[in-house]
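With the hints as a guide, bring the two chains together.
If you read the protein sequences in the order shown, they are chains A and B.
For the first sequence, the tail end lands on 335 under my numbering, and the numbers increase by one without skipping.
For the second sequence, the tail end lands on 586 under my numbering, and the numbers increase by one without skipping.
Don't read these hints as lab results, they were simulated from the structure.
Glycine included, C-beta positions come from ideal geometry on N, C-alpha and C.
Heads up, a few of these hints could be off.
[What the hints assert, rightly or not] Covered by chain A, according to a simulated footprint, are these stretches of chain B (three or more residues, beta-carbon under 8 Å): (1) 412 to 422; (2) 425 to 433; (3) 452 to 464.
[As the list claims (entries may be wrong)] On the chain B side, residues computed to face chain A include the following (Cβ under 8 Å): (4) Q443; (5) R448; (6) L485.
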Amino acid sequence: MDFRGGRNVVLAAAVVAALALFPLVAGKFGIDLVTKIMIFAVLALSLELLVGQTGLVCFGQAAFFGIGAYAVVLATPQYQAVSIFWLAPLAVACATLYALFVGSLVLRTRGVYFIMVTLAFAQMAYYVFHDTPLGRGTDGVYLYVRPSAEVFGVTLVNFEKPVSLYYVALAALVATFAFLAVLLRSRFGRALAGIKANEQRMRAAGFSTYAYKLAAFTLSGAIAGFAGVLFAVKDAFVNPELLAWHLSGSLLVMIILGGLGRLWGAVIGAFAYALLQEFFQSQAIFGDLAKHWLLGLGLTIIAMVALLPEGLAGLPAAVSRRLARKPARSAGGNA
Amino acid sequence: MATPDVLMRGEKLTRRWGGLTAVDEVSLELARGSVHAVIGTNGAGKSTLINLLSGEIPPSSGRVELKGVDVTAWPQPARARAGLGRSYQRTTIFPQFTVFENCRLSAQSRLQRPWAWWERADACALAVEAARGAAAKAGLAAEIDRPAGLLSHGGRRQLEIAMCLATDPEVLLLDEPLAGMGAEETDRMLELLAELRPGHAILLVEHDMDAVFRVADRITVMVNGAVIASDAPQAVRANPEVQAAYLGHHA
Chain A
1 MDFRGGRNVV
11 LAAAVVAALA
21 LFPLVAGKFG
31 IDLVTKIMIF
41 AVLALSLELL
51 VGQTGLVCFG
61 QAAFFGIGAY
71 AVVLATPQYQ
81 AVSIFWLAPL
91 AVACATLYAL
101 FVGSLVLRTR
111 GVYFIMVTLA
121 FAQMAYYVFH
131 DTPLGRGTDG
141 VYLYVRPSAE
151 VFGVTLVNFE
161 KPVSLYYVAL
171 AALVATFAFL
181 AVLLRSRFGR
191 ALAGIKANEQ
201 RMRAAGFSTY
211 AYKLAAFTLS
221 GAIAGFAGVL
231 FAVKDAFVNP
241 ELLAWHLSGS
251 LLVMIILGGL
261 GRLWGAVIGA
271 FAYALLQEFF
281 QSQAIFGDLA
291 KHWLLGLGLT
301 IIAMVALLPE
311 GLAGLPAAVS
321 RRLARKPARS
331 AGGNA
Chain B
336 MATPDVLMRG
346 EKLTRRWGGL
356 TAVDEVSLEL
366 ARGSVHAVIG
376 TNGAGKSTLI
386 NLLSGEIPPS
396 SGRVELKGVD
406 VTAWPQPARA
416 RAGLGRSYQR
426 TTIFPQFTVF
436 ENCRLSAQSR
446 LQRPWAWWER
456 ADACALAVEA
466 ARGAAAKAGL
476 AAEIDRPAGL
486 LSHGGRRQLE
496 IAMCLATDPE
506 VLLLDEPLAG
516 MGAEETDRML
526 ELLAELRPGH
536 AILLVEHDMD
546 AVFRVADRIT
556 VMVNGAVIAS
566 DAPQAVRANP
576 EVQAAYLGHH
586 A
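Excised from the complex, chain B in its bound form (with noise of 0.2 Å):
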């Protein structure tokens, strides 16, 4: 470990489907206290990234470490469990349970004793508190009894992200959490992630640019599966070849 503050270090990922390699030998590095943001356009390969990290499919090559142990060939469960957080773009949540059980059933990861087959799950006093508190956190409070699916589109990206918080994390994978929020919503998000950054290390895939903006620590830029800068946001906006391929669209 270079700083004991990395928490979470790809080397050389990549994703090849047949042809097409979806991520081509990207390499980052997230620190505890800062937000790491990557931009790119659609299919330039951030969300392979995202699954790369967390698990959910192999490298190509390539390699993963979590607070400095090699995880490239744990399955995605046993690194959830080693600290790694993450939220879908497609918003993944329990539709049918309320969104306190969906907190709980999440903070159950951390506390799972399958075999005691008589003990309530609900009685674990643990997982009830990490639930009320998770939900808490992400603004959902006084919905914490409504069935998941009754939510509001920004309440289920809310939800994902109590999900999420409710496992106690350390590294959380973030994609595209302010895909479909207002104004206010996204306020109160980013409001969120500030919170979170001193004890966390968070990777945000976004394609709100005045968001990534406001909060990011180090943006990276993802063209066709390869990264083309790596920087302060500051550089990475006077950056020439970044505004050629990507911020060139909105200027």
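The shape of chain A in the complex, shown without the other chains (with noise of 0.2 Å):
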């Protein structure tokens, strides 16, 4: 679907290209910052799986973000490290078994409702981290040390490098994206679309579309807590607001101005959303107008929205319908 034609692959392949040479010519915080918007397009994607592709709009996503997050740093020992090849395991498989427990309850309601007890639930998860001895508090919790990744006694990548944490968000960024671009062609991803399209015909077929909707909930709450497992080796601290609404809320926003219903939105979207951020947020530009970052950022997407209904990833169809309906206007067809 998101590799018709050859021409998606050599530009796919040609992005990939600019983000492995970027660490060359970017500083400390170029890399840092592309980073974070890699692994929050990993994340994005999980949830494009849902909105664009299922048809499931959660409002509740960052809980399995932050639930990944947290084990991370919570099974953690203060002075030691442990091996990421059981910590992202471990960790990645408690944000999929509460996006097992969670989807089993809310695949039961529909449209808005089900948008509502999405976010009961990520709300629930966020109290618990905010409220209780396990989360240690608003102050969130530190990683003392960050895992190793050793086979056989050889150091595969040293987390503690910004660089090596880089190569491995955009390895994770590549392998998630080609798995799900995978998965949609398979039948699997079809019947997603079909659900999407039309869930009683689906059921009419013979499709049990409950068992369905339940594996697309929890594949994508783990690909969620594996972005998560990547936030929380990177950035060495966690805390609540990893699991609230507002991230939520901002991944939302991400897939939506990317465009819904490609794959390649979810990522085009995390990248616009991180750089209009850090544009209104920049001092430089704006001076003391940058502490109301929000209202330019808000006011942005709004028009962007607004003017570009199919997102930025469908910026290209619009103009070369645009441009191919121009010459049939002047010579007089009907467009």
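Here it is in structure tokens:
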């Protein structure tokens, strides 16, 4: 679906190559920023699977992300590195199990109710980390020792080095994108598309749609938890805001901004959102106004969504449609 | 099972909505090789009856049997996989997909393999063949690559049947397949029904009386949720109660 023809593959390879070369020219700040954006792109992809591909508007995606991140920190003893090869599966499993539990309940609702109930379950998880000894309160928890990545005594990746983290995030983004692109062409992916288009017809054809939706919800939670692992390893710090509805809302804005229904949209949306945020937060450009960055960001997003209903990923198609229409109209043909 | 040919049986099916009884103790049998038509005025409970048989809504009381098995407690998808296909009165298709993909996705339900995430869905020869065959049978071979949303009204009704056939059902529940069709399209659809008859048990809910009397082997007449007559077409036509309740409007 996302690899229609060879042109898209060439384009994707060019983008990956550009991202791979970026640390050679960027400074510490740039590397750190793009690492963070790529992790959020993985998270946005997990939400795109639900919202854009299955038609389930989840307003609690941050919970799975936060649970993955917290699991990494809480499962690490204070002064001892733990192997990422059991820490990451453990953390992803925590997020996956919570998604399976939440999904089995919320998928009995529809529409607005679904949105509200996913939000409610995410807020519940938020308060567990915010207000109980488990989460150690509002101030969050530090990860004193980042995990190790050793195989037979050989260190594969040093997570203390920002450049290493950058390439890990890039590899994770490429792998997640490729996995979802293949998945969406499979029978499972097509069934999700069918559920989004017309669930009643899918049931009449013989698909147990609840099981399909639960599988999609759980998979999405697992990917979000994976993004949470990356985030915890990168920042070495977690706080309850990782599970808050602000982040769930921002993620929805990202995928809408980028264009629902296309995997590319989630990635472009994550980049656009973060770069716009950096732009409006810049004191060098806006001076004191930078304090009110949300205003500038909000207005820009409203303008972009109004002008580009298909999102940034739909921009090339919209432009080529307009170009194709113009000559036809001047020649007297009907549009 | 009384006769091996009976593929579907409803026994004393009743559905109440609060104080209203939409379907009232309706019993009927669908046998392979015959078209069983259900007629009745608007609101007589015909569509509700189809929903009870297909499992879209549970009955308040009564029993549904599919190929000799009690399926009353089965959800709709399980009944569909067991060989039950239905079409909807209000066209229910995937408008964004092509005609082919509409049929292919329906056929996919026979071999779902949802765990095989690395396999391309359109690489499944079985589903592709079933989809092309079903589209051709329903008369849509020429439009197979068009987006379904761009089909004419008649074309969408044909697609509805094609999607149903793509799942290779033995029992067909067709809810007003002729609604809004022109004379030519109606003829083609009736030909298709005649062609399908030998291998299938068909329930036909239809308002077009001429069509019903042309294809039906048996006609059940419903009024206010209850069956007032169920017989061969000629007997139903001669039934004074039916004439008073329903056919009288035409006479």
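Going through the hints against the structure:
no.: 1; hint: 412 to 422; verdict: holds (count 6)
no.: 2; hint: 425 to 433; verdict: holds (count 6)
no.: 3; hint: 452 to 464; verdict: holds (count 7)
no.: 4; hint: Q443; verdict: holds, 6 Å
no.: 5; hint: R448; verdict: holds, 5 Å
no.: 6; hint: L485; verdict: violated, 15 Å
Of the numbered hints stated above, the single one contradicted by the structure is hint 6.
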